[in-house]
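Enquirer: So the sequence lines, in the order shown, correspond to chains A and B.
Per full-length UniProt numbering, residue 1 is the first one in the first sequence, and the count goes up by one each step.
Per full-length UniProt numbering, residue 1 is the first one in the second sequence, and the count goes up by one each step.
What the hints contain is simulated information worked out from the structure, not anything from laboratory work.
Misleading hints may appear alongside valid ones.
Repeated chains share a single entry, so a pair holds when one copy, or any two copies, can fit it.
Computed cross-link-like contacts, DSBU-like style, restricted to lysine-lysine with a CA-CA straight-line distance of at most 35 angstroms [as the list claims (entries may be wrong)]:
id	residue 1	residue 2
1	K137	K150
2	K52	K150
3	K90	K150
4	K90	K194
It should be emphasised that the depicted structure is a prediction, and the values quoted were computed from it without experimental measurement.
Protein chains: 2
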Amino acid sequence: MSDQHIVSAFDRDLEGIQAHVMKMGGLVEAAIVDASQSLLNQDEELSAEVIKRDQAIDDLDTLINEECANLIALRAPAAVDLRVVLSVMKIAGNLERIGDYAKNMAKRNAVLVHMTPIEGARGALQRMAREVQLMLKDVLDAFIERDLDKAQDVLERDRDVDQMYNALFREFLTFMMEDPRHITPCMHLHFIAKNTERMGDHVTSIAEQVIYLVSGSLPEENRPKATRYEAE
Amino acid sequence: MSDQHIVSAFDRDLEGIQAHVMKMGGLVEAAIVDASQSLLNQDEELSAEVIKRDQAIDDLDTLINEECANLIALRAPAAVDLRVVLSVMKIAGNLERIGDYAKNMAKRNAVLVHMTPIEGARGALQRMAREVQLMLKDVLDAFIERDLDKAQDVLERDRDVDQMYNALFREFLTFMMEDPRHITPCMHLHFIAKNTERMGDHVTSIAEQVIYLVSGSLPEENRPKATRYEAE
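Just chain A, same shape as in the assembly:
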């Protein structure tokens, strides 16, 4: 009876923390959408808003970390439950990084509005950001539903993002060689493309945590090499 009580107290606490993770995820999704939108429309007001809103994401990360530490200290969870709590901390860390990338995307807008526009690049960047945002949405669903297949699917979709990035990289090189005035704006656009690709890597990292949560092992073996999460 007493054991039963302790278990459900852990679950109740964990549910509260997970609600914060989902809230954080929603804010990060909005940041990606608005940052790429501000870039497409050269909307400096919207990019300023994205930059300002990043604080709320950082605050949630701090809160979730504290809640997880308290949960561990108070409930002394058993091995399986502890794994969940540690994964939640890592997921919050990944979300915080994605939020930073979105903020940095919005920051570049202030520089880019004064430069030679590069035909088509902003549209391609927005499609890439859109794909990452959808992957993030799906991986958060996979997390809440403890859905292994959905998490696996997100892992595989990261390859598309990598391909979009590679295509853009080659395009930027061509633009720069055509006209030296394209060099500086392309360097900035390339930053954005690379950071969007990195957002995808962090979404992949969340997918791996979900797989670890559900199956108890990281997907090292059966994962295609190209989607392995690596800082680059």
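With the hints as your guide, set chain B onto chain A.
Expert: Just chain B, lined up with the frame of chain A:
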């Protein structure tokens, strides 16, 4: 008496884990040195070695994570001790990322050896990598010695790395505008510069964890804005 016994068991376990963190740190330091050396001397054999050695760094990260989870599960540490264990996990995560950046630096060597050399850039990159490696060495000392001042000093030195990066960025732009044949090699060299700057950010992140460990609070307030850790 029994309490005393439990406390020292925790400390003994923690010491073992910290020894693994220091070993991991040593491997990461060597990876930075050798990756930048391989670049300077166009030494493909050395870069292949750096790439191969990254597995040992990743394995230590996995091991440390497992050891920390086991320590929490077995010893149910009190709040202060728990903070140490969670910080150690974060530090290992940062080291793993720095290792990835060093590996990626080494990977670019294979591409760069076939390109027009950019006068002076490799030397500047090596100085930047050297500074990051020294910061890493000092922050690991600060971690083991729980030395607040030393950690604070590392935080401040990250500004120098940022300045080195900014100077290189401007230099690359100039090179690219001078001669279109410089565009592709400069894009690759710029990657390396940016990744080295990011290594510095992760070292900063470790310094923040050390400050948190020793003082109980993150250095949000008194930290110069320029050195705040942000993904970019």
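Enquirer: Are the CA atoms of K90 and K150 at most 35 angstroms apart within a copy, between copies, both, or neither?
Expert: Both ways: K90 and K150 sit 19 angstroms apart in one copy and 27 angstroms across, limit 35 angstroms.
Enquirer: Have a look at K90 and K194 and pick one of within, between, both or neither, based on CA distance no larger than 35 angstroms.
Expert: both (22 angstroms within a copy, 24 angstroms between copies)
Enquirer: Have a look at K137 and K150 and pick one of within, between, both or neither, based on CA distance no larger than 35 angstroms.
Expert: within (11 angstroms within a copy, 41 angstroms between copies)
Enquirer: Between copies, within a copy, both or neither: which fits K52 and K150 at Cα up to 35 angstroms?
Expert: both (32 angstroms within a copy, 32 angstroms between copies)
Comparing the model with each earlier hint shows no violations; every hint is respected.
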